[in-house]
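Based on these hints, arrange chain E on the given structure of chain S.
The listed protein sequences derive, respectively, from chains S and E.
Take the first sequence: its letters are residues 447 to 667, numbered as in the numbering used here.
Take the second sequence: its letters are residues 151 to 938, numbered as in the numbering used here.
Simulated from the structure, these hints should not be mistaken for lab results.
It cannot be assumed that every hint is accurate.
As the list claims (entries may be wrong) - List of simulated lysine to aspartate or glutamate pairs, DMTMM-like, C-alpha gap at most 25 Å: (1) 485(E) to 498(E); (2) 502(S) to 197(E); (3) 502(S) to 358(E); (4) 743(E) to 358(E).
What the hints assert, rightly or not - Stretch-level coverage of chain E by chain S, calculated; a stretch enters the list once three of its residues show a Cβ under 8 Å from a Cβ in chain S: (5) 205-219; (6) 341-350; (7) 387-393; (8) 510-519.
Here a beta-carbon is modelled for each residue, glycine too, at the ideal position from N, C-alpha and C.
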Amino acid sequence: MKLTMVIDLSRCLGCWSCAVGCKLENDEPIGIWWNRILTTGGQEIDTPSGSYPNVKMTYLPINCQHCDNAPCVKVCPVAALTKREDGIVFLDWSRCIGCRYCLVACPYGIPAFNWNPPVQSPDNSQFRIGNPAVPVRPVGVSEKCTFCFQRVDVGNLTPKCIEVCPAGARFFGDLDDPNSQVSQLLQTKPTVRLREELGTEPSVYYIPPRNPTVKVQVSST
Amino acid sequence: MSSKVPLQAPSGSVSVFRTAHANNCDGSCGLSVTVTDSNITSITSGDFGNPDFPPRICLRGLSQLQYVYHPDRLKYPLQSVGPRGSGQWQQISWDEATTIIANKFTETAQKYGPTSVYIAPYTGSLPVLNGLIGAGYRFASVIGASAGDFEGDNEGDSASPCGANEILGNFDGHDLSDLRYARMIILWGNNLAETDIPDMRFVLDAKEGTITSPGETTPNANGPGAKVVAIDPRYTPTATLSDEWYSIRPGTDGALALSMINVIINENLHNTSYILNYTVGPFLVRQDTNLFLREKDIAGGTSTKYMVYDTTSNSAVPYDQSGISPSLTGSFIAKGISVNPAFQLLTELVNQYPPSVAETITGIAAADIQSLAEEFATRSPAAIKAGFGGISHWYYGDLTYRAMITLSAICGYIGVHGGGVTTYNGALLDAALDLGDWLNPDKLAYTYLAPIQFCDAVLEGKPFQVKAAWFPVDNFVNQQGDTNRTISAMQALDFVVVSDVFMTPTAQYADIVLPVATQYEREDLLAGGNYYLQYMPQIIQPLWESKGDLDMFGEVAQKMGKGQYFNKSPDDYLSLILSGLPSGLTLDTLKSKGVVPLADQDFATASFQPITHPYVPYYKQNFPTPSGRIEFYAESLVPYNMPLPLYNEPIEASPKNPLFQKYPLVFISAHTKFRTHTQWDNLPWLREVIQRPFLEINPTDAQARGINDGDMVTVFNDRGSIQVVARVTNGIRPGVVNSYQGHWNNGDFPTATVNNLTHQKINPAQSVVFLFQSNTAYYDVLVDVKKS
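Here chain S stands alone, though its shape is the one from the complex:
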């Protein structure tokens, strides 16, 4: 099995539903996002590059790329990070010593470090939210997307971000299965992976976005 994610940027609304769904499923504390939506454009989110009216803006949802040749796995001194048979880059929080080598090694800026006791909303001193099978992380470890292994391990190949994407822009499945949706997409659509030149062999593929032609009176009165 080779678990693979495909994100169709020509359908991504930049709405953050995948990111908020991830927060909920995985009980991510305030200040930590396993999944974020970058704007490819201006300096802030939802702003374009270029000069009006010739502007461009696309969205790039980014989570752990679950690389086949993962720099984080190589640098982890205690083998807290390992590559599973099914392709998941697995982070064992009970082994993590908080050295943060993985934060430095990851070319995608993915791992987040939980320096402080988690601030949660709703306050989790009463009850815990999300999927109860997700491990509670000790303070002082790195955190990142797990491809929702707690779902995969019970046979559910629909991570939360895939389940809740309102645009139908995210896909997940087994690339070893030629009939899987991800296999079909990779055969029929052009795809790119992030920073492929590094040889990290990510398991996340992106279908490129398109931007509109701008129609405006150029000599504006």
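Structure of chain E alone, referenced to chain S:
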């Protein structure tokens, strides 16, 4: 390094409930809510049982746990113990609170008349028992109070429905999954990808072109894949996903529509047989009265039949006479009366807006207007999805919407799959349900007062005096135009009740504040936003001392001697409401299924015609207008000199306005994905992404004022000001600035409430459609900006 204390494992009591997200974004998502040990612990999308209508949710629905368990929730009834708005409260019991309210309302009604008590349920929550269409109106009816009306009054959302009523006879919309059948989609003043997030999926499906139309056997001549066009002064997420982005000067959409009609008629691309058969195009209009010529006008007698000019007999004849060839153009004399076909008048109107002229008005190049019109007419069918904000938040929004519908109509796109002009879908659900007995028991009825007239009523006694008010599901102070005037009105009232989940900007001006149970804490039904009836079970017990609207209005009603109208169970009232459905759907069936699409016979009764799937209004080309046809020429608007959908410059936001010299920037206040109006403004996950309110301003306008990105700026006009951070961006048209609406004026950014800058100018022409006269022209606003 301290480890987090491991939590107790849940006892294993896990249940999953299907409900609906009944907030006011029009998405009306189904929600699947997981409850563990009596707490909501997870949420995901709920199924609709229809592969063509996939499960839907967005970031707002996924954040709902933070709403339900928010530490700032109102927990007990509160009584103001200082000057109004001083923030000094004491906790009181429900019994005390409801007794005070009942006594004050009774006292006020005795002194000033029952309509001096105003009940203002609004769109904060949409279900039928505890929301917009809910207990508040029933309460207003039984005590004889004044109230707004959910049908039309949607503050800034009335102009488009008003225009739709004038030209089509009602306000209806395609099931948005029908967009998949379009060969062209114009997203007109509509940032669908950010506001009604899940419905953007259908636009993307259309663009990919994998769907064939119902009954279509041969490929469409245009090939698969819709062309998607965004018309917006901002480069929105929606625009980035479109094929073309037309940056338009705000408020000039009507001129663009008229110019497109001009191109289509000039190039003979209009659908003549459709215009002849289904519009008032051939009907003759008298030049002396501007009314339609009737048979009695030239033949005597009493027949009020519309007349057409028959080119075979060269005479004016009744429109339904057989064997005639009605003319759409020309100028004729009928028994001494000069007349023209309505289509001729439309042609003359649009001749004033050739693309070369429209270019100077709209800021879109003439050649682009030309090609847009040609494509719209030839990529059949083409759909228009209009925004409430972009189109309706204008003083002349009704005229704009009429022009857009006229554009669709002359191409024959009304009532066809993949065509039409849609702003909102699901309005018909209200028509199908038996709301009369629910809202007006024993035929008791409240007196209508449009929300935009509230300040006039309080401050000037016009059209009648209001002295006391109750605001349920309504953050009125924050959302009504001209905040300063609204606060003056709140201060001038003798008595104010606000029921809400939080201490909102409106609640802070109350004498009594009542804590409301969220939609997860009481039973209800959502009917709107799409064409499904969604049962909303009580999922958890009301937290703290909160109660639903049905309970709290019932308690006050009982103390006012009207308890008999609130003594039944929620199930009884839901059964009453469902009893209007011809399909005979029972509450038990709805409960067991959770979600039920509106049945064909229910649709048919409400829309007066058989239906098709997905739902398309006017499918049989029947229109509930006076003529039964599409009335792009409307007699009712002759007194306002607007029988045709003419173009007027915005009432304020126009360079032709002398005020423009002082305030040269158009101020719009668009909707962000991180809120639904004022709701969710305090949810931490959504606040993490956008932490500060800001003003979008083009670099050209920023440089002219010495403003850099990140500077604190003051946005001001004669009505007020806001202070926000400048976001200098090329994603907005020069001359236009935007700050997202919905920040609370008693929140962490109290200076960012956009309605400090807006106004309450009422367009009298919109009063011709009863209940649709409450439009607030939020975007029809001029400002200037300076560094703070």
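> Can you name, in rising order, the numbers of the hints this structure does not satisfy?
Replying inline: Those not satisfied are hints 2, 4.
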